[in-house]
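Sequence order for the protein chains is A and B. Under this note's numbering, the first residue of the first sequence carries the number 1, and numbering increases by one thereafter. Under this note's numbering, the first residue of the second sequence carries the number 616, and numbering increases by one thereafter.
Honestly, the hints are just simulated from the structure, not real lab data. Backbone N, C-alpha and C fix where the C-beta goes; we use that ideal spot for every residue, glycine too. Some clues are possibly wrong.
Pairwise CB distance ranges (calculated) [said to hold, decoys possible]:
#, chain 1, residue 1, chain 2, residue 2, range
1, B, E728, A, D220, 24 to 32 Å
2, A, N496, B, E710, 55 to 63 Å
3, B, N773, A, P55, 28 to 36 Å
4, B, A753, A, V410, 50 to 58 Å
Letter by letter, the chains look like this.
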Amino acid sequence: MKPNSDLTTGNAITTTPATGMTRRQAIITGGVGTILAAGIFPNLKLRANEWSSLPDAPRFTPFTQPLPIPGRLGQCSLTPEPGCEDARCGSAAVYHGIAPEFYTNHPAHHPDWDRMPTACHYMEIQHAVHQFVPGIESPCFAYSANGTTPSFPGPTFRMRHGQPAVIRLKNTIDLETSLHHHGAHSPSHSDGHPVHYTFHGECRDYYYPNAAPRHHGEQDLSENPSTMWYHDHGNDVTAHNVAHGLCGFSLFTDSIEEDLISRKVLPEVDDAFGNQGAYDIPMAFHDTALNPDGTIYWDPLNLDGRIGNIFTTNGVAQPYLNVERRAYRFRFLCANLARVIELRLSNGQAWLQISNDSWLLPKAVSVSTIRLIPGKRADVIVDFSRMPEGTVLYIENIMDQDNGRKPNGVDLKKRVPFVKLCVVGKTATSNSLKIGAGTPLRPHVPITQDEIVATRVFELNRSNGAWQINKEFYNATRCDAQIQLGTAERWILRNNSGGWWHPLHIHVESHQIQKFNGRAPKAVWAAKTDVSPLEDGTEIEIFMKFRTFCGPFVFHCHNNNHEDHRMMKQMEICGTDPVTGLTNPPMLNGSYYAVDPECCGIPQADIDANPQLFS
Amino acid sequence: MERLTLRQFIESALGGRSKAPAPATSPARPTPTGTRRVTAKNASPFVNRGMAVQRRSERIPDVWVTNQRGERKRFRSDLVEGRKMMLGFIYTRCEGICPLTTHNMRRVHELLEDEFDAGLQMISLSLDPKRDSVKDLAEYARQHRAELPGWDFVVAANEEETTALRRAVGAYEIDPVLDQDITQHSGVLIFGNDRTDRWMGLGAGSEPEIIAKSFIRTTREGAIARLSRDSGPGVPLAAQKLNARMRAKHEDPACDAGALVRQAVTTKP
């Protein structure tokens, strides 16, 4: 197999280095819209589509910057301690307190959660500048480990099953924020609900029990995650905040995954220093665009979805990565706001996909390409041992898209290389990982028909340019689904929005796709997922369980621009604890905030005279 | 190209990251790729740096429009620049969403009455300049009880300029056939603060309280200050009144929700 030549030379068409497409090509694909519009309104320079309205990407030489690996969020001690009197809701130190589930006398708090001591962390959201393209500084926001080390992507969380974690987050920017731990099983107060804000100068203690939900009284280890991520989720500002740098990885292991690592099915997640393992590489793909002065291009009135023309991986535009002649685990994350990407290796080699979103698959599956919708993760194993030293190959995106509505389709002629992989080292290590297609990974415990207690239908709509679900806009004081704690439901998700694609994300637990347009899903989609692709005219039927935590959670389209424009719904998990009899009554139009003050994250009564100001 | 082993590369990358961040002033020479903290106020992405980047409002054409009182104004300089603005789209012959849009805008007007003293401008832009005359707009405003201060029903000179206006604020369809169909016009309420250059669009069919709250949050100037019991200077008067109304509604003993709430609170251990 001969190595590919560098893709910036040898092309017949002149390209700007950051893209695979000329502006003329872009306008032609914009097509009918431009021609019609230009004919009727000849004096106006109308935008054909989002792509042609983006500012030109700055010229730079790709593949000269190494792929950065984000550092870890280390442990520290927190003063005052989480949950103590001085850190309760309304306190000066931690205005938003900690989730009520943190306290051992809360009915949801299981003794299993306290087997290991709580790992404490401190993180700030700061104003920062970041270089997506070398030499150009772009003002942005950044998550900062310990308040001292801002980075984009933010510091990687390292979570372990059975070890509860508290992250004290301080907001030093002047925008409202809410940290969502995507793919995690967290209490409502810590889940990053859009109106559980942390405002300027305030702290919130996010509590992650890192516990598996229970199935027939036992821990359901099938629900333990691997690759999660975290990002901002503030109401009406999610897209803006994510576009300006607020996202990062979160890696979780449990006994099942550690066993796979010890048997060399998967590589070590950590190295000897507690940093990211050498052969386990997280890659966050994020397309962005920059104004001529280097600021991040942002249009707050783009309700369709922002796509970009600078393709970054781990915050750097088109980096390179030196790889040894052995097998690697790559953790792909699509942190795009709206762009759908489909990844292949430039030499045509298949990927060995081992996970879908947070969950390892029941068995590794060989796939030729991987389609990532916004919010999705997929881990793959790539073996470089049979490639000679000096081989150069690329992780390429072959999905063409020029507006936030939906991709145009796979087009190899318009492929864009994201990461250049350079094989280095004379010695090859074959069998560095004992994994191949069909290797068992994490056993799946399916949700069965007899567990289902209710069916709900959610239809995604577009009404006069505005996004809706079931013809309603998101309202944080309205409950759209009251769900009994501990039960399973069947949801039918329909996309009837006139040609747009929507990646639908549901918080709190994974969901299981039963039918994709009436047919059984393919192998990688048949177990667990948390972001499902609702393509134009698609209907997906899912089963989902709602365990452990009561309170409001949301589900929404993960095209961040749609999400901000209220394409979201709220579910409230309610239940009666059989032991204490404590009931969490349903929300009913705003009364929720008065029900459990510490649960909602906004203090009540004595502390805050206007509790619903910012909902 | 230098050949590092992956371990060396990672160690150097991590080693670089743990150094103290560079000082806030930008150095003359290029800095290595990475992120660093800045504490200067003008680093906020919401305040553009006044260099090559346009304020969002600068993309709005400054065409002449006439309001329901026959007054001629320039759309951008008179109605948008330097102030808070809320814009909805109507045409007087609409049998679809316009009545609801206008109704909701009227309720939002009530909720935001104090904002008008600070120069909030509400605009209903007619999408039908061929047929909507100034008299039609005046009659429409009267019928919908929308003859309120600070709210202009405007019409531009022709279709071309109307289309340019709405496209400039993002109200257009990618599908050109749909874009030309006036009955499918945008039902998005666009609002923002030109001084902070922060903008937002919400479906006009949302509850007026939700629109008003998002307006207050989006257009505020400065950080949100947490309130003291007496509702200090950090909270706009409009917001305080809005909350008082919502609290009164929810504390109504006749409302089932209120009763449930009180019952739940007393059973909490």
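| When you take the CB atoms of N496 (chain A) and E710 (chain B), is the distance between them in 55 to 63 Å? | 22 Å, violated
| Does the Cβ-Cβ separation between N773 (chain B) and P55 (chain A) fall within 28 to 36 Å? | This hint holds: roughly 30 Å between Cβ atoms.
| query | Using the C-beta atoms of A753 (chain B) and V410 (chain A), is the stated range 50 to 58 Å upheld? | reply | 55 Å, holds
| field | Distance restraint evaluation - E728 (chain B), D220 (chain A), Cβ atoms, bounds 24 to 32 Å | value | Distance hint for E728 (chain B), D220 (chain A) is violated at roughly 54 Å.
Of the numbered hints given earlier, the model fails hints 1, 2; all others are met.
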